[in-house]
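Participant: This is what each chain is made of:
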Amino acid sequence: MKRDPGFYDYLPYHGRPAIRWPGDARVAFWVAPNIEFYELNPPKNPARSAWARPAPDVLNYAYRDYGNRAGFWRMLDAMKRCNVRGSVSLNVAVCDHHPEVIRACADNGWEFYSHGTYNTRYLMGMDEAQERAVIQDSIDTIKKHTGQKLDGWLAPALTYTDNTLDLVADMGLSYVCDLFHDDQPGPVKVKRGRLTSVPYSLEMNDVIVYNVNLVQPRRYAEILKRQFDRLYAEGEASGTVMCIPLHPYLVGQPYRMDAFEEALSYITGHDKVWLATGREIAQHFNDHYFDAFAAAAHTVGEAS
Amino acid sequence: MSLAPEQLAYPQRRYGMDHALYDWSMLPRRKPVLWPNAARIALWVVPALEWFPLNMKGVPFKPPGAMATAYPDLRHYTLRDYGNRVGIFRIMQALALHGIRASVAVNAAVAERYPALIRACVQRDWEIIANGQDMDHLHHAGLSVADEKKQIDHTLAVLRGASGQAVRGWLSPAKSESAATLDLLGAAGLDYVCDWVNDDMPYPMHASGGKLHAMPHPIDIDDTTILVQNHHSEDDFRDQLCDQFDVLYRESATQGGRVMAISLHPWVIGQPYRIQALEQALAHIMGHQGVWAATGCEILDAWKSAQA
Numbered sequence: 001m002k003r004d005p006g007f008y009d010y011l012p013y014h015g016r017p018a019i020r021w022p023g024d025a026r027v028a029f030w031v032a033p034n035i036e037f038y039e040l041n042p043p044k045n046p047a048r049s050a051w052a053r054p055a056p057d058v059l060n061y062a063y064r065d066y067g068n069r070a071g072f073w074r075m076l077d078a079m080k081r082c083n084v085r086g087s088v089s090l091n092v093a094v095c096d097h098h099p100e101v102i103r104a105c106a107d108n109g110w111e112f113y114s115h116g117t118y119n120t121r122y123l124m125g126m127d128e129a130q131e132r133a134v135i136q137d138s139i140d141t142i143k144k145h146t147g148q149k150l151d152g153w154l155a156p157a158l159t160y161t162d163n164t165l166d167l168v169a170d171m172g173l174s175y176v177c178d179l180f181h182d183d184q185p186g187p188v189k190v191k192r193g194r195l196t197s198v199p200y201s202l203e204m205n206d207v208i209v210y211n212v213n214l215v216q217p218r219r220y221a222e223i224l225k226r227q228f229d230r231l232y233a234e235g236e237a238s239g240t241v242m243c244i245p246l247h248p249y250l251v252g253q254p255y256r257m258d259a260f261e262e263a264l265s266y267i268t269g270h271d272k273v274w275l276a277t278g279r280e281i282a283q284h285f286n287d288h289y290f291d292a293f294a295a296a297a298h299t300v301g302e303a304s
Numbered sequence: 001m002s003l004a005p006e007q008l009a010y011p012q013r014r015y016g017m018d019h020a021l022y023d024w025s026m027l028p029r030r031k032p033v034l035w036p037n038a039a040r041i042a043l044w045v046v047p048a049l050e051w052f053p054l055n056m057k058g059v060p061f062k063p064p065g066a067m068a069t070a071y072p073d074l075r076h077y078t079l080r081d082y083g084n085r086v087g088i089f090r091i092m093q094a095l096a097l098h099g100i101r102a103s104v105a106v107n108a109a110v111a112e113r114y115p116a117l118i119r120a121c122v123q124r125d126w127e128i129i130a131n132g133q134d135m136d137h138l139h140h141a142g143l144s145v146a147d148e149k150k151q152i153d154h155t156l157a158v159l160r161g162a163s164g165q166a167v168r169g170w171l172s173p174a175k176s177e178s179a180a181t182l183d184l185l186g187a188a189g190l191d192y193v194c195d196w197v198n199d200d201m202p203y204p205m206h207a208s209g210g211k212l213h214a215m216p217h218p219i220d221i222d223d224t225t226i227l228v229q230n231h232h233s234e235d236d237f238r239d240q241l242c243d244q245f246d247v248l249y250r251e252s253a254t255q256g257g258r259v260m261a262i263s264l265h266p267w268v269i270g271q272p273y274r275i276q277a278l279e280q281a282l283a284h285i286m287g288h289q290g291v292w293a294a295t296g297c298e299i300l301d302a303w304k305s306a307q308a
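So the sequences go chain by chain: A and B.
Counting along the first sequence from 1, when you hit position 184 you're at 184 in this note's numbering, and nothing is skipped either side.
Counting along the second sequence from 1, when you hit position 226 you're at 226 in this note's numbering, and nothing is skipped either side.
If you're looking for bench data, these hints aren't it; they were derived computationally from the structure.
Check before you lean on any hint, since a few could be wrong.
[As the list claims (entries may be wrong)] Once the Cα atoms are required to be at most 30 Å apart in a straight line, the calculated BS3-like pairs of lysine-lysine come out as:
#: 1; chain 1: A; residue 1: Lys80; chain 2: A; residue 2: Lys191
#: 2; chain 1: B; residue 1: Lys62; chain 2: A; residue 2: Lys44
#: 3; chain 1: A; residue 1: Lys44; chain 2: A; residue 2: Lys143
#: 4; chain 1: A; residue 1: Lys80; chain 2: A; residue 2: Lys149
#: 5; chain 1: A; residue 1: Lys44; chain 2: A; residue 2: Lys144
#: 6; chain 1: A; residue 1: Lys80; chain 2: A; residue 2: Lys272
#: 7; chain 1: A; residue 1: Lys225; chain 2: A; residue 2: Lys44
#: 8; chain 1: A; residue 1: Lys189; chain 2: A; residue 2: Lys143
#: 9; chain 1: A; residue 1: Lys2; chain 2: A; residue 2: Lys225
#: 10; chain 1: A; residue 1: Lys80; chain 2: B; residue 2: Lys149
#: 11; chain 1: B; residue 1: Lys57; chain 2: A; residue 2: Lys44
#: 12; chain 1: A; residue 1: Lys44; chain 2: B; residue 2: Lys149
Please read all numbers here as calculations on a predicted model, not as lab measurements.
Let the sequences and hints guide you as you build the complete structure.
Facilitator: Structural data, given as structure tokens:
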């Protein structure tokens, strides 16, 4: 096991090359709904059980199923009203189980990137060929069902091997959402390919907000607005990224919808916001700043 | 290092669900439901009358509200019992102000131990929902089907006897089920089950007997979850109930009638400093036109007629 993941060099926030987003926007704002399928009785990965309760965990299964049956549709309507396209963090098996959900996203011009096959299948313990098979499944399934080239990756249930980021870059993906070290995109050091880290967020993620931090829906709206206000102010000097990662089973509960939509409407009501997708942010950074950021970064020294 | 090949095999990857318990169905794409008198919201209030034995075994897990300290855990035992002695009567009063009849989920042990409480519910014309034997008799994979059937039969016999009602609804303690539970409930002649939190409306289950439905009984907007687990204030709970209602009410203008279920635990919401949150939320809800306060059976029967 490594002491340091080795994916990026040290680049302090102040003194970097300044980022300019299209339209002179201060913030590249993107919303990443996780469209997921959790299996009722998945095979157990040796490192992690899928469910908290003994099988069948009908409570936790049904709670997540709510997202596809009910919550997604409310979230979709709120995003449409705010003219926000989603960048779907997709368990690609949803293409088979619930093609209507995929169609609704595609019809609204949303991007699809991969969040693995199922949220109950984890990467830990896979050999390289197995992990390549999972990534290839995502590339092929997204192509087949949406016509899109797969560009982005967020590992299923945030599970990894030491090879994961190298493999997604090697297989032609251009960005990952797995690294939480920055509010701007950055180069990821991989063996082959050119990979950009696009800021996702755990702090803004409704799973962390609701399931871990147990906050009130109205407080979530405050958190989102405060995060945005600061990134918008800082973005005048150099463009920042704000992501809201969502899970329809959480944000799509009736009592949480209005507070969320109020925050989304507040954010999108500002002039200098670029309403982008993950792919668009990665592409712009890759075309204009990737090399400058890589050159400006300091190799990490370590006391021996 | 590699994983067993089954980890990359997906035998249930197909259209719809990965099991045969119910069908895949999208809430906004269903036929809109018309409630009696063109109501927009069917308000379903579901307090739970629970009994947690002092010597709980907690198999296969301790349900929310279980004993927590070393035996004898008097503090948790008696606080849960507070709900059955005191808290539930505050809920009765709050509901009576608006003429709301609850559907009360009752452990069989509560009916055996406190028949006066069941009489008080029945006198108020509340519907009795079976909530298992007690909070230490969870339904789970470790039970034999015969033992689980015995538990269900015993629970129904006790509650039907104590209430004189048909008892058509079921809530498993802690919403825990085995793979056999739904079929056993269907075979026992039950009409609905409250364990599944995947919908805002009733929907048909595929279970023995062919008539079992799921009723939308939430876990997250529930007094125990919000007040005890999340440590939100009672005003926050009130606000979340009101926000839940507002969204469902607005949705009902274009998508047909909706159910708003309020899941309550008298040992939680029935505390003197908290009961006002329920009263205020109910005042908000009942202040709207087109709110039909109904029992589980009434809502399910109306939903079924609306499917025809």
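Participant: The structure should be examined with respect to each hint, and the outcome stated for every one.
Facilitator: Going down the list of hints, with the structure as the test:
1. For the suggested pair Lys80(A) and Lys191(A), the alpha carbons sit about 40 Å apart, so the restraint of at most 30 Å is broken.
2. Proposed proximity of Lys62(B) and Lys44(A) is supported: the alpha carbons are some 23 Å apart, at most 30 Å.
3. Distance hint between Lys44(A) and Lys143(A) is fulfilled; the C-alpha atoms sit about 29 Å from each other, no more than 30 Å.
4. Among the hinted pairs, Lys80(A) with Lys149(A) is consistent with the structure: their alpha-carbon atoms are about 24 Å apart, no more than 30 Å.
5. Annotation: proposed proximity of Lys44(A) to Lys144(A) holds, straight-line Cα distance about 29 Å (limit 30 Å).
6. For the hint pairing Lys80(A) with Lys272(A), the CA-to-CA distance comes to about 19 Å; that is within 30 Å, so the pair holds.
7. With a C-alpha separation of about 40 Å, the suggested pairing of Lys225(A) with Lys44(A) is violated against the 30 Å cut-off.
8. Distance restraint check for Lys189(A) and Lys143(A): the Cα-Cα separation of roughly 27 Å lies within the 30 Å cut-off, and the hinted pair is therefore satisfied.
9. Between the alpha carbons of Lys2(A) and Lys225(A) the distance comes to roughly 38 Å, so the proposed pair goes past 30 Å and is violated.
10. For the hint pairing Lys80(A) with Lys149(B), the CA-to-CA distance comes to about 49 Å; that exceeds 30 Å, so the pair is violated.
11. A hinted pair counts as satisfied when its Cα atoms are at most 30 Å apart, and Lys57(B) with Lys44(A) qualifies at roughly 26 Å.
12. Between the alpha carbons of Lys44(A) and Lys149(B) the distance comes to roughly 29 Å, so the proposed pair stays at or under 30 Å and holds.
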